[in-house]
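Chains Z and B, in that order, are what the protein sequence lines are.
Per this note's numbering, the first sequence runs over residues 1 to 469.
Per this note's numbering, the second sequence runs over residues 470 to 715.
Take these hints with a grain of salt, some might be off.
To be verified - Interface residues of chain Z toward chain B, partial, derived using beta-carbon atoms under 7 Å: (1) R19; (2) Q20; (3) L21; (4) Y353; (5) V356; (6) A359; (7) L360; (8) G361; (9) L460.
What the hints assert, rightly or not - Result set (PhoX-like, lysine-lysine): computed pairs, CA atoms no more than 25 Å apart in a straight line: (10) B:K573 to Z:K11; (11) Z:K7 to B:K610; (12) B:K610 to Z:K11; (13) B:K608 to Z:K22; (14) B:K608 to Z:K7; (15) Z:K22 to Z:K365; (16) Z:K15 to B:K675; (17) B:K608 to Z:K11; (18) B:K675 to B:K573; (19) Z:K124 to Z:K160; (20) Z:K58 to Z:K166; (21) Z:K58 to Z:K365; (22) Z:K15 to B:K608; (23) Z:K160 to Z:K188; (24) B:K573 to Z:K365; (25) B:K608 to B:K675.
Said to hold, decoys possible - Per label pair, the in silico range of CB-to-CB distance: (26) Z:L392 to B:H625: 33 to 39 Å; (27) Z:Q8 to B:K714: 31 to 37 Å; (28) Z:W452 to B:S668: 51 to 57 Å; (29) B:A499 to Z:I380: 45 to 51 Å; (30) Z:R19 to B:A671: 31 to 37 Å; (31) Z:R19 to B:S529: 34 to 40 Å; (32) Z:R19 to B:T616: 22 to 28 Å; (33) B:Q504 to Z:E430: 56 to 62 Å; (34) B:E565 to Z:K7: 18 to 24 Å; (35) B:Q504 to Z:L329: 44 to 50 Å; (36) Z:K22 to B:W508: 26 to 32 Å.
What the hints contain is simulated information worked out from the structure, not anything from laboratory work.
Ideal Cβ positions, reconstructed from N, Cα and C, are used throughout, including at glycine.
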Amino acid sequence: MDSLDLKQSIKLLFKLAIRQLKRDKRRTLITGSAISLGLALFIFSDHIQQGSYQSLIKVGISTQAGHIVIQAQEHKDEQKIHDRQKLSKKLSKKPSRKLNQLDQRIEKVTELQMSLEQALSHAKISGLSLARAEIGGLLHSPVGGARTRLLAIDPQLEPKVSDWHKRLVPAKLPQGEKGEPIKSHWLKQDDDRGILLGQKLAERLDLTVGDKVVFSYSYQQENQSRLFRVRGVLKLSSEDQEASTALITLNAYNSSLNTQDQAQKVSIHLEQIDLLPQALAISHKLVKAHQAKQTNARLKLESLSWQEALPALYQFTLKDRQTSLAIFLIMGIMIAIGVLNTVAMSALERQRYFGVMMALGLSPKLMGALLVVEAFVLGIFASMIGLVLGILVSWPAVEYGLDLSEMVGEGMEVGGVVMETTIHAVWHPEGLLLFTSASIILSLLASLWPAWRTTHLSALDAMRGPDTQ
Amino acid sequence: MSDSHPQVSEQHEVTSTHETIVHIQDLKKAYTQGQSKVWALRGVDLEIKAGEFTAFMGPSGSGKTTLLNMIGALDRPSEGIVKINGRSLGEMSDTERAELRRNKVGFIFQSYNLLPVLTAYENAEFVLMVRGVPEAERKAKVMELLTAVGLGELAHRRPNELSGGQQQRVAIARAMAGEPALILADEPTANLDSQTGASLIALMRKLNQERGITFIFSTHDPQVIKAAKRVIRLVDGQIAADESKT
Ligand SMILES: Nc1ncnc2c1ncn2[C@@H]1O[C@H](COP(=O)(O)OP(=O)(O)O)[C@@H](O)[C@H]1O
Ligand SMILES: [Mg+2]
Chain Z
1 MDSLDLKQSI KLLFKLAIRQ LKRDKRRTLI TGSAISLGLA LFIFSDHIQQ GSYQSLIKVG
61 ISTQAGHIVI QAQEHKDEQK IHDRQKLSKK LSKKPSRKLN QLDQRIEKVT ELQMSLEQAL
121 SHAKISGLSL ARAEIGGLLH SPVGGARTRL LAIDPQLEPK VSDWHKRLVP AKLPQGEKGE
181 PIKSHWLKQD DDRGILLGQK LAERLDLTVG DKVVFSYSYQ QENQSRLFRV RGVLKLSSED
241 QEASTALITL NAYNSSLNTQ DQAQKVSIHL EQIDLLPQAL AISHKLVKAH QAKQTNARLK
301 LESLSWQEAL PALYQFTLKD RQTSLAIFLI MGIMIAIGVL NTVAMSALER QRYFGVMMAL
361 GLSPKLMGAL LVVEAFVLGI FASMIGLVLG ILVSWPAVEY GLDLSEMVGE GMEVGGVVME
421 TTIHAVWHPE GLLLFTSASI ILSLLASLWP AWRTTHLSAL DAMRGPDTQ
Chain B
470 MSDSHPQVSE QHEVTSTHET IVHIQDLKKA YTQGQSKVWA LRGVDLEIKA GEFTAFMGPS
530 GSGKTTLLNM IGALDRPSEG IVKINGRSLG EMSDTERAEL RRNKVGFIFQ SYNLLPVLTA
590 YENAEFVLMV RGVPEAERKA KVMELLTAVG LGELAHRRPN ELSGGQQQRV AIARAMAGEP
650 ALILADEPTA NLDSQTGASL IALMRKLNQE RGITFIFSTH DPQVIKAAKR VIRLVDGQIA
710 ADESKT
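Using the sequences provided together with the hints, build the complete structure.
Have a look at this one:
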């Protein structure tokens, strides 16, 4: 009869705590909403953050690389062998030269793509593989020349991944001529003479749809040139790009190099980025098998994750993560202080009643424990509400996206990648779990100081109230 | 010096036993206020027997509340000895003192001090809950007491739905619930009108007589002083007079 056992104590504490929380609605509401709103805010910004991260990767990946990039590289040790050969065969008539970018090609590309797609779909990974190549050279028109990067693409598959085809704009007529602008057309698969020019490039060379243009480039230590016909003009996301980029078909690329079914890169675009490790494993395996089909023994096929293929973008995302982590931390500390403050205030305002309870014989230990239990119960309830609230406010941002165009204006460029102005938030279950448990733990921690303080007060001092302390 | 043998005393109201319940010897208490020391009690010697109905009277600041707090193990003496039922409070830990209050002492405060989130019933029940008394037993006890103090109908009300007099009745029921040996009441009628005060005094006197509970008051109230069977007058932290009525 004199004292409670542990089970009875816990029962008593929960009963008293729940009574307090249920009956002192005003206080419960204030403290609870501090916790709920703090958590909801956290969850919302995490989803936004997650979304902007993924969209940055998505944009970067679709135009620049792919989630996985397969390319042909000169053997790492090739250079050494090459140097030794040079030494030993000083008088050799045919010294092997160093390979340049144009020589580093993958052969039998269609075969590789087909086996990749088969293996991926077998592993239930939805994705697309895409071949691309690039030639640097000079583009000439009667008016002049311009350094140009020709991107060779697959006109059928490319639109599934990037948005070049949406960037076609009507071409202006040559200077001095009057009339309506001429409609641009997307490249056809077997068109090995067609070229699409960046708008600035077209203006500089005074070219319009239907005009001929000559591209000269150096290949196998000889100057080569090829005639193209302008099919359209592209409005690109940056002026630099517009002044130096043109698109051709992979067919045109192969014709230019007198090859067939070759490309510089095969990229794999996944629907779900979290399946990257599995896809990478598949790709490693197939690339190894495909190596045997290569005739150029100096080249080694390799498959890289986007992080390896786009190190600058990857570095940026890492930095971006760090920045947002820092912002999160500051936000977290502020919310924590707010919660701590409300919990502490709530305890301080009720100190007199703690004194009464202790005067009536509640031991200081149980008194302190009561405050912790109270905070725990409130923490769980408020965090659950915060979780639901966080999901609810994230919903529209996930479904419809947040339009930031007024805030950031034109798309900001990051490492050659132009950011989208509408951020689509992305669900982040790990974040939900992490922040909700953190919120419960935080509510508990916030009660420790008032609890400690209360247990170290005498009943009498507590009853006198905080004013006389 | 635990005095557990019944002593017969002609002076005091008679109940079944006459054990010494409170024993105080040369009790001094100083409060430090800034740099100066205030002596609230300057050497008090006192014996109170079980079943007494005793009032401390005296001007404001004379040490009445301090003395009650010492007896109720709410405060620690600067010097001297306080014993309850023969046990010296000075040697007890905070937990032991809480236990003593829970099991032996009931408090009635001038400002009622009911817990605002609890109903009248739950306030009276509190001590029993902390003691782990089973629910059925609690309920019987508390309802009996609330009926005895005339609040059987208002058991479900919260303190802010009760008048001052009703709140103090709840406080009396709360003090009684644990069946303490001793109830300490610090100016219990000070915030009440005289009619309400009179009825509460009558109630406490009845409980004192019927159940043998020892009551110690501090008071200014002439009605309480009139009802008390022993009046101890405090002046400047010392006992100036100690009169028992027959
Ligand atoms: N917590 C305290 N701190 C400082 N002085 C106190 C404290 N409590 C009481 N006192 C002083 O002790 C003296 C006795 O006070 P108290 O016992 O409350 O008297 P009473 O109850 O008879 O009015 C007074 O001078 C008062 O100012
Ligand atoms: Mg007083």
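Right, here's what the structure says about each hint:
no. : hint                         : result
1   : R19                          : 6 Å, holds
2   : Q20                          : 5 Å, holds
3   : L21                          : 9 Å, violated
4   : Y353                         : 5 Å, holds
5   : V356                         : 5 Å, holds
6   : A359                         : 6 Å, holds
7   : L360                         : 5 Å, holds
8   : G361                         : 2 Å, holds
9   : L460                         : 5 Å, holds
10  : B:K573 to Z:K11              : 24 Å, holds
11  : Z:K7 to B:K610               : 23 Å, holds
12  : B:K610 to Z:K11              : 21 Å, holds
13  : B:K608 to Z:K22              : 22 Å, holds
14  : B:K608 to Z:K7               : 21 Å, holds
15  : Z:K22 to Z:K365              : 23 Å, holds
16  : Z:K15 to B:K675              : 34 Å, violated
17  : B:K608 to Z:K11              : 18 Å, holds
18  : B:K675 to B:K573             : 20 Å, holds
19  : Z:K124 to Z:K160             : 19 Å, holds
20  : Z:K58 to Z:K166              : 17 Å, holds
21  : Z:K58 to Z:K365              : 56 Å, violated
22  : Z:K15 to B:K608              : 16 Å, holds
23  : Z:K160 to Z:K188             : 15 Å, holds
24  : B:K573 to Z:K365             : 20 Å, holds
25  : B:K608 to B:K675             : 22 Å, holds
26  : Z:L392 to B:H625: 33 to 39 Å : 38 Å, holds
27  : Z:Q8 to B:K714: 31 to 37 Å   : 45 Å, violated
28  : Z:W452 to B:S668: 51 to 57 Å : 44 Å, violated
29  : B:A499 to Z:I380: 45 to 51 Å : 47 Å, holds
30  : Z:R19 to B:A671: 31 to 37 Å  : 33 Å, holds
31  : Z:R19 to B:S529: 34 to 40 Å  : 37 Å, holds
32  : Z:R19 to B:T616: 22 to 28 Å  : 23 Å, holds
33  : B:Q504 to Z:E430: 56 to 62 Å : 59 Å, holds
34  : B:E565 to Z:K7: 18 to 24 Å   : 23 Å, holds
35  : B:Q504 to Z:L329: 44 to 50 Å : 46 Å, holds
36  : Z:K22 to B:W508: 26 to 32 Å  : 47 Å, violated
Comparing the model with each earlier hint shows violations of hints 3, 16, 21, 27, 28, 36; every other hint is respected.
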